[in-house]
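K.L.:
Using the sequences provided together with the hints, build the complete structure.
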Amino acid sequence: MRLEPKSAPPLGVTLLFPVAAIAATLVITSLLVLAAGASPFSVFYLVARGAAGTQFAALETLTRATPLIFTGLAVAVAFRAKLWNIGAEAQLYIGGVVTVVLGTGALPLPSFLLIPIIMLAAMAAGALLLLGPAVLKTRFGVDEVVTTLLLNFIVLLFVSMLLEGPLKDPMGLGWPQSSRVVAEAQLPRIIQGKRLHYGFVIALCAAAIVWVIMKKTVLGYEMRAVGHNAQAASFAGIPVNRVLMKTALLSGGLAALAGFSEVSGLKGNLTLDLSPGYGYSGIVVAMLAMLNPLGVVASAIFVAGIFVGADAMSRTAGVPSYIADVMVATALLTMVTAILMSRFKVRWK
Amino acid sequence: MEQAFEILFTASFWVAAIRIASPLIFATMGELICERAGVLNLGIEGIMTAGAFAGWFTVYAGGDLWSGVLVAALAGAMFGLLHATLTVPLGLSQHVVGIGITLLASSLTYFIYRLALPEVTSPPKIAPFEALAIPGLSSIPVVGPALFNQTPLTYLAFATVAIVAWVLYRTPLGLAIRAAGENPAAVEAQGISVTGIRMGAVMAGSALMAVGGAFLTMSAFNSFFFQMINGRGWICIALVVFGSWRPGKALLGAILFAAFDAYQVRLQQLSGGVVPYQVFLMMPYALSILALILVARRATYPKALMIPYQKGER
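Chains A and B, in that order, give the protein sequences.
Under the working numbering, think of the first position of the first sequence as 148, with each following residue one higher.
Under the working numbering, think of the first position of the second sequence as 132, with each following residue one higher.
These aren't lab readings, by the way, just hints derived from the structure by calculation.
For clarity, every value in this text was computed on a predicted model and none was experimentally measured.
Keep in mind that the hints are not guaranteed to be accurate.
Mimicking DSSO-like on lysine-lysine, the simulated pairs with C-alpha atoms at most 27 Å apart in a straight line are [to be verified]: (1) A/K153 with B/K442; (2) A/K229 with A/K362; (3) A/K393 with A/K229; (4) A/K414 with A/K341; (5) A/K315 with A/K229; (6) B/K442 with A/K229; (7) B/K442 with A/K492; (8) A/K393 with A/K153; (9) A/K229 with A/K153; (10) A/K341 with A/K362; (11) B/K434 with A/K229; (12) A/K363 with A/K393.
P.N.:
This is the structure:
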């Protein structure tokens with residue numbers, strides 16, 4: 148078997164592959180639904196209705212998509228430069244920590260000053276957290292996959308320590324949770340009485356800004372060059388290590404915004420279950436978007452829809468809601484295969 | 132302070148250390164085989180989860196313990212086959228596929244668990260492997276109970292290291308595996324299929340990872356919990372680097388690491404709550420990072436690690 152590069156296919160064909168990947172995912176997960184003794188058609192219908200069938204469902208999907216846009220952007224930026232940041236989960240939690248440290252009354256400022264300050268501080272903390280593995284990679288040759296993964300565990304334990312110690316809410320009846328952030332530090336809701344908050348708008352702006360950085364700036368060009376071939380980039384005079392540092396700062400900062408927006412916009416305080424794995428799902432979101440920042444928005448909404456829809460379906464159809472995680476993981480694998488197929492011809496001989 | 136030192140000479144400490152090391156030894160050997168053949172297998176965390184469940188469930192459903200080990204190995208090999216198919220002939224990013232396999236294997240395991248035991252709140256127990264004392268040797272002080280009064284799976288873990296070392300360094304197959312990770316073109320020149328060697332190595336390695344997971348449910352504990360692998364797989368990847376891709380050194384690394392892990396639990400009890408317990412729990416992960424930093428400079432990665440190979444290319 149051999150792979151031969153294809154000449155660039157027309158746009159229509161390129162768009163066909165992601166659709167084929169999703170279709171393949173549905174077929175594969177249908178088998179599991181059948182194993183659970185339910186009908187795939189009714190299950191997928193229930194998932195779709197649970198994700199977008201009512202105004203409540205659609206708003207819930209967008210709310211759930213918000214942190215995924217941030218972590219998806221973080222991963223997309225890093226993977227583009229082949230900096231394997233698997234630690235978005237840790238960066239998210241650090242963003243949440245900064246938000247409650249500054250947002251629970253430490254800074255008596257009005258909203259229009261306090262929120263930007265918290266955002267910047269959260270980004271700085273997340274950026275610094277990823278800078279460590281990036282320095283270890285460039286200076287000592289330590290593989291960043293393992294260090295960022297291990298940091299997820301360390302940071303979660305660190306947060307647990309804070310929530311049982313200095314950040315513990317005195318009114319929390321002993322639960323390991325932080326105090327609530329003050330009203331000035333809260334992102335307002337987009338529609339009164341609904342859960343969707345302005346974090347979603349910030350996420351959209353972030354996607355647009357990252358798109359501009361990736362497509363229109365020197366840094367974006369350098370990141371792509373480093374990701375494509377670090378040796379050639381170095382030979383062409385691109386300071387590879389410095390580009391990797393900048394990539395790490397941007398990626399870590401974006402992931403930390405997910406923690407900021409969840410605390411400030413949705414939950415109001417920090418708990419150990421702030422993220423049900425948004426850092427890891429961000430990898431899927433970024434790959435489904437083929438690392439395109441604007442595509443991240445669409446794929447984050449898609450992935451969030453699967454999770455929200457599966458929750459609703461699980462209650463009515465009796466199929467375990469873990470089917471959502473299986474679908475998302477399967478979609479990741481079928482998608483990378485589809486991307487390959489769109490670029491190469493497979494020759495059997 | 133004196134107490135902290137005395138711990139090191141108690142038999143119960145070393146018994147615990149060897150028990151903690153056993154699943155790491157299996158999984159580290161599995162990862163080592165994959166990487167020696169040139170494939171980074173980040174599916175390890177998920178494959179261990181699948182193995183932990185498959186072994187436990189086989190016994191829960193009425194199979195005997197050794198069938199459980201076999202079923203776990205088979206489940207691991209199947210995920211290995213999927214990983215290998217995507218990364219070896221298709222040459223997809225080993226990082227992305229590995230993470231995908233971890234997500235898929237663990238979520239599929241949780242899905243099947245819920246499907247098989249819908250209403251269960253506390254996980255049902257099985258009768259796990261029991262300690263098998265080796266007559267004579269097990270009565271040596273400290274070393275005896277630690278090395279010769281363990282469950283059969285621990286003995287199998289040590290045997291695995293010997294077998295992996297023997298195959299890698301003493302057989303033509305081992306030469307081909309090592310060459311596939313260093314200079315695949317040379318393997319092809321011998322008329323041996325690089326694709327075949329790499330796929331076989333990933334399947335065998337993944338089977339070992341799954342047995343490592345099964346150790347947890349069938350030998351250390353007696354039931355399956357969510358999140359029970361809890362980063363052990365990632366630590367095994369660090370252990371492979373720490374052992375510079377050599378079975379003996381990796382074994383030593385696993386035992387050192389496990390001894391440290393057993394030690395921190397005991398220190399935690401001694402400290403009497405002055406230091407937050409999370410600090411002790413962080414230590415194994417921090418230690419792994421530290422070990423990577425210390426070793427990485429002189430680490431000689433298999434030269435073709437993570438580089439896809441196409442027939443007829445140099």
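K.L.:
State for each hint whether it applies.
P.N.:
Going through the hints against the structure:
The straight-line distance between the Cα atoms of A/K153 and B/K442 is roughly 18 Å, inside the 27 Å bound, and the hint therefore holds. Taking the CA atoms of A/K229 and A/K362, the gap is about 17 Å. The hint holds against a cut of 27 Å. About 13 Å separates the Cα atoms of A/K393 and A/K229, which keeps this hinted pair within 27 Å; it holds. Of the pairs offered as hints, the one joining A/K414 and A/K341 holds, with about 13 Å between alpha carbons and a cut-off of 27 Å not exceeded.
Our distance criterion of 27 Å between C-alpha atoms is broken by A/K315 and A/K229, whose separation comes to about 38 Å. Proposed proximity of B/K442 and A/K229 is supported: the alpha carbons are some 25 Å apart, at most 27 Å. Restraint check for B/K442 and A/K492: satisfied, since their Cα atoms lie roughly 15 Å apart, inside the 27 Å limit. Our distance criterion of 27 Å between C-alpha atoms is broken by A/K393 and A/K153, whose separation comes to about 33 Å.
Simply put, A/K229 and A/K153 have alpha-carbon atoms about 23 Å apart, close enough for the 27 Å limit, and the pair holds. A threshold of 27 Å between alpha carbons decides the hint, and for A/K341 with A/K362 the separation of about 35 Å lies outside it, so the pair is violated. Taking the CA atoms of B/K434 and A/K229, the gap is near 18 Å; set against the 27 Å cutoff, the hint holds. With a C-alpha separation of about 16 Å, the suggested pairing of A/K363 with A/K393 holds against the 27 Å cut-off.
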